[in-house]
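This is what each chain is made of:
Protein chains: 2
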Amino acid sequence: MTEPDPTAEAFDVVGIGNALVDVLSHEEDAFLEANGLVKASMTLIDTDRAEALYAAMSQGLEMSGGSAANTIAGIASFGGRAAYIGRVFDDELGTVFAHDMRATGAVFRSVPATEGPPTGRCLIVVTPDAQRTMNTYLGSSEFLGPEHVDEALIASAQVTYLEGYLFDRAPAQEAYWKASQAAHEAGRRVSLTLSDTFCVERHRAAWRDLVADQVDILFANEEEAKVLYEVDTFDEALAAARADVEVAAVTRGGKGSVVARGDEVAEVAAHPVEKVIDTTGAGDLYAAGFLFAFTSGRSMADCGRFGSVAASAVIGHTGPRPGLSLAQLADTLQL
Amino acid sequence: MTEPDPTAEAFDVVGIGNALVDVLSHEEDAFLEANGLVKASMTLIDTDRAEALYAAMSQGLEMSGGSAANTIAGIASFGGRAAYIGRVFDDELGTVFAHDMRATGAVFRSVPATEGPPTGRCLIVVTPDAQRTMNTYLGSSEFLGPEHVDEALIASAQVTYLEGYLFDRAPAQEAYWKASQAAHEAGRRVSLTLSDTFCVERHRAAWRDLVADQVDILFANEEEAKVLYEVDTFDEALAAARADVEVAAVTRGGKGSVVARGDEVAEVAAHPVEKVIDTTGAGDLYAAGFLFAFTSGRSMADCGRFGSVAASAVIGHTGPRPGLSLAQLADTLQL
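Order-wise, the sequence lines are chains B and P. Going by this note's numbering, the first residue of the first sequence is number 19, and it counts up by one from there. Going by this note's numbering, the first residue of the second sequence is number 19, and it counts up by one from there.
A few of these clues could be false.
What the hints assert, rightly or not - For lysine to aspartate or glutamate, the following EDC-like pairs were computed, each having C-alpha atoms within a straight-line distance of at most 16 Å:
#1 Lys57/B / Glu241/B
#2 Lys293/P / Asp168/P
#3 Lys293/P / Glu292/B
#4 Lys196/P / Asp168/P
#5 Lys196/B / Asp227/B
#6 Lys293/B / Glu292/P
Worth flagging that the hints you see were computed from the coordinates, not collected in a lab.
For reference, chain B alone in the conformation it holds in the complex (with noise of 0.2 Å):
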């Protein structure tokens, strides 16, 4: 009988970040004015607030979201072998999100919060040219700390996965940190996604600190990159994050991204997609694919292929996960 190794991955990725459940209606432009809204921007709200805006809202749908945990499903969807780890109130909105990231495949065995707020949900707002203005009441979500990292699961995957937004309480900052440094002690990577401008000002000196010290990937739009590093070009934000990590894959929306490792640079097309429904999830579903090709070890063009046909997969429709299956996508697109 072979001993099994313990040296090899049990997951392909794993991921942290605010476990939220997303309520979607769509409005026109005039709705972010009368309600106080910067478009395409994320804001976090407290209870009252929260009860005002839903009201204001048209008619929702419901679907689990949160930014990595999109990343995860989709990394999931395409038969990757992944993990979460996040924080849910013990409720029915709890239920729906542990329901929907094991429906992908997905290992979610976060234990459910039993005091404090319910389960955290995000009011997007999508407008008829397919942005979305994103508006988090965070509930049980952000009280995740490092006493929720569980270490050997972080240890048994490739990559540890951590979204931006979840950065904005110091346990959770904690939480990162305890999370990276069990990956590197087992020899595995790290991997950032920016997420957001007004995150990365809120923090930037955090942020440059554990993107130097601790990431291996990073993930970043143009302007979060520009943000991050103080710069005013693209170029310029590209070479400061070569500088800074071993992998960078900054996004440009309808222009594709830019990938690079070391030497290695990749100018990848965006998907086209018929006609541009909501743009919610499309850099969480990027960081899927780019994920997933990187752990079956592919080429950087193929992991930023990858990324495009995955983000194609969610912004031709409503919400932030894809509605099908994303192995069947790539085999059909023979990627």
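Once you have looked at the hints, place chain P on chain B.
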């Protein structure tokens, strides 16, 4: 100063039914067999079965549903004055249900239950042929009884609309009789949709009594009408319905519908749809279009056309409620 006319209606339609939140997932046909489900049927399930079936389902999409509630939301979307009576619990899904009903512009004053089971939900499996197979955990919705019928609200609406699904418990049957009598005492009309062949079979005698005695406007699909009147052909079923009620609308899926009031009969084609994705809510929206046109004083042919157009607005996407303003759609089509 003119006194308000006490005989004028404040509402076009008030609906009564099971207040449910839908949980939809897309599955292959094999899923139905593996889980012992009969395609296109509605089955009542208990808590254990609901949990087991939910665990087997893929990632879901949650949205407010309930047959008569979908109809009321549709009427409000056309710009009709609509109200709804139904029983939710004081929990997250109950909040979602109430929000969505009010967000359409409909009035929903029913007080949430604080004792008993949680808000009801309907687990809907959508297969690639766009058929929906429904499994309903009624929760608090089935505890609607005569004490929850707001007679003043009923008296203030041109039409009181009842769904067949709610008919399984004796208190609900009493509620329907009470509502019907209150409507007629105020000189209003009563409308009923049969909802489901199994539901008609379970209570055929009770249905026949209610239809003959109280129903002015009857909605049924071909099968339901045949089962109610125990006849073999569409023509016999239509003739029986016309003998029983003032207005009969019998739908035939893709073949459209036949609508009749006395000698005024119209055959109405289905409104074309690019691709049928999910038929959930098609019958509910047909009734919405029909009743909106009816309460606006339109001809039978127009009522049928409004019904067809409203149904077409939900079968091209996932879910039972339109994603666009039906008033705008009616304008665009110059109905």
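* **Holds or violated: Lys293/P to Glu292/B, with C-alpha atoms at most 16 Å apart** => Distance ~15 Å between Lys293/P and Glu292/B Cα, so the pair holds.
* Holds or violated: Lys293/P with Asp168/P, Cα cutoff 16 Å? -> Outside the cut-off at roughly 41 Å; violated.
* Does the alpha-carbon distance linking Lys293/B and Glu292/P stay inside the 16 Å limit? -> holds, 15 Å
* Could you grab the alpha-carbon distance between Lys196/B and Asp227/B and see if it respects the 16 Å cut-off? => holds, 14 Å
* Assess, step by step, whether the Cα of Lys57/B is no farther than 16 Å from the Cα of Glu241/B, and give holds or violated. => holds, 15 Å
* Lys196/P paired with Asp168/P [C-alpha distance capped at 16 Å] -> Given pair Lys196/P, Asp168/P holds - Cα atoms ~10 Å apart, limit 16 Å.
Hint check: a violation occurs at hint 2 only; the rest are consistent with the structure.
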